[in-house]
Structures are given as C-alpha cells and as structure tokens.
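Visitor: For reference, the chains in residue letters:
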Amino acid sequence: EDQVTQSPEALRLQEGESSSLNCSYTVSGLRGLFWYRQDPGKGPEFLFTLYSAGEEKEKERLKATLTKKESFLHITAPKPEDSATYLCAVQAPLTGGGNKLTFGTGTQLKVEL
Amino acid sequence: GAVVSQHPSRVICKSGTSVKIECRSLDFQATTMFWYRQFPKQSLMLMATSNEGSKATYEQGVEKDKFLINHASLTLSTLTVTSAHPEDSSFYICSARDPRGGWNEKLFFGSGTQLSVL
Chain E
1 EDQVTQSPEA LRLQEGESSS LNCSYTVSGL RGLFWYRQDP GKGPEFLFTL YSAGEEKEKE
61 RLKATLTKKE SFLHITAPKP EDSATYLCAV QAPLTGGGNK LTFGTGTQLK VEL
Chain Y
1001 GAVVSQHPSR VICKSGTSVK IECRSLDFQA TTMFWYRQFP KQSLMLMATS NEGSKATYEQ
1061 GVEKDKFLIN HASLTLSTLT VTSAHPEDSS FYICSARDPR GGWNEKLFFG SGTQLSVL
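Residue numbers (our numbering), protein chains in the order written: chain E, 1 to 113; chain Y, 1001 to 1118.
These are computed hints drawn from the structure, not numbers from a lab. C-beta: ideal position from N, C-alpha, C; glycine also.
Computed list of chain Y residues with no C-beta within reach of chain E, every gap over 10 Å: (1) K1055; (2) E1063; (3) S1073.
Straight-line Cα separation of at most 20 Å, SDA-like style, residue types lysine to any residue; simulated pairs: (4) Y:K1106 to E:E58; (5) E:K68 to E:K100; (6) Y:K1041 to E:S83; (7) Y:K1041 to E:D82; (8) E:K110 to Y:P1040; (9) Y:K1106 to E:L30; (10) E:K100 to E:D2; (11) Y:K1041 to E:F46; (12) Y:K1041 to E:T105; (13) Y:K1055 to E:T95; (14) Y:K1020 to Y:Q1114; (15) Y:K1014 to Y:F1067; (16) Y:K1106 to E:Y51; (17) Y:K1041 to E:E45; (18) Y:K1106 to E:A53; (19) Y:K1041 to E:G41; (20) Y:K1106 to E:R37; (21) E:K42 to Y:S1116; (22) Y:K1041 to E:S24; (23) Y:K1106 to E:N99; (24) E:K42 to Y:S1009; (25) Y:K1020 to Y:S1073; (26) Y:K1041 to E:R12; (27) Y:K1020 to Y:L1046; (28) E:K57 to E:G32; (29) E:K79 to E:F46; (30) E:K100 to Y:T1031; (31) E:K42 to Y:S1043; (32) Y:K1041 to E:A84; (33) Y:K1041 to E:A10; (34) Y:K1106 to E:L47; (35) E:K42 to Y:H1007; (36) E:K79 to E:E60; (37) Y:K1106 to E:P93; (38) E:K42 to Y:R1010; (39) E:K100 to Y:E1059; (40) Y:K1055 to Y:T1032.
All chains should be built: construct the whole structure from the sequences, respecting the hints.
Guide: See below:
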C-alpha cells in the first residue's frame, strides 16, 4: 500500500526565516510526486511535479527536491502570504490502468511578521 | 492554467435530504474526474473515480448507493450525497485530469464544498 508521511505537522516561522518541509513516501512504481498548496476552505493549488530522484524545481521562494525515499519543499525567506497547508502526493499506477494519487496529511505553515 | 469550478462552496442541509455538488472543467475536456473527501487536519481521501460515459469506480469502503456520481459530459461531473446524515458532514473536493499532459498529467482541483448536515 502506498504511503505518504509529511513532517512536521505544523511549522511556525518568522518572516525571512528559511526552512524545509519533508515528505517521505513508499510507493510501487512512482509516476510522479506532487506538491500542492491548500488555503483554508479551498481546494489544493498545484505547485510542482517531480518525476525522478535528483530532480529539482523552483517557483519564487519555493524549491522542491526529490530522492528515492523523500521530497523536500524548501522555503526561502518566507512571507506571511506563504502561510498555508502544503500537501504532498505520490502518483502510482493502478492495476488495470490509470493512476492514483495518495496524499499526505500536510504541513500547516504559518509565517509571522 | 486549467480551471476547475466546483459548486456550491458551502451547503447546510437537514438530515435525510440529498445534496448535489457539481464539478466543471472550464477550459479542457476531462475524461476523468475524481472526488475526494477531507476531514479537518486530515489527508484528502479518494472516494471515487468518475469516467465520462461509464460507471464510476468507488474506493473500498465508499457506499456507491449513498454517493451517486454522474459524469454525463466531458466537462461536468456531479456527486449526490443521498439521504445525508451528520456523519456525512465534510469537505468534498473534485479534481479533473487535463489529458493534454499525457500520463504524467496534472490534476486540477475545484475549490471544494463544505457540507454540514444538521
């Protein structure tokens, strides 16, 4: 069974204080690891997809990296508007065709002035 | 980017009534849509996969007679919670697969529906 574990559950940072969020996973046949941002009462917003170990992607203050067992979402010099829950998900093939996403429980990030 | 619209965003209903939630892909044709359920501080749990023109595939433990899914067109899927009870109160989120991405496709999510059953 595919499993995704995110840590920490919650993180409080001061504005400008860089940090990293962790996503550990076990999956059969990884087809992609996804990072999403979710604001309260909203659906997830796509951030990145990583496909193979060693891959990195950046977007503004966010940088995602991938190894064979985990992914990190690095936040550089965060701002209050980066406060949100960050979700990690792995995509794996289904028997009989298609893919399935398995989500972690997320890291709730709060950035304070 | 691709946009998925979900409606309503919030619904409050009495126990025993049925509630319909709509999910539309606005700028692409979605052959596959997914319905998730999310409890506070918990992960998104896949409920069912909706394929246009065919029956939905439900995850283990999800009652297909309670959560009716219809995907009658390439841009619309609906989830009907029949005879809702307080334990059905949750945040329901739909997503649609943009087929233009190939098998490494991205999923785009609706804004969610908060269902409260009194």
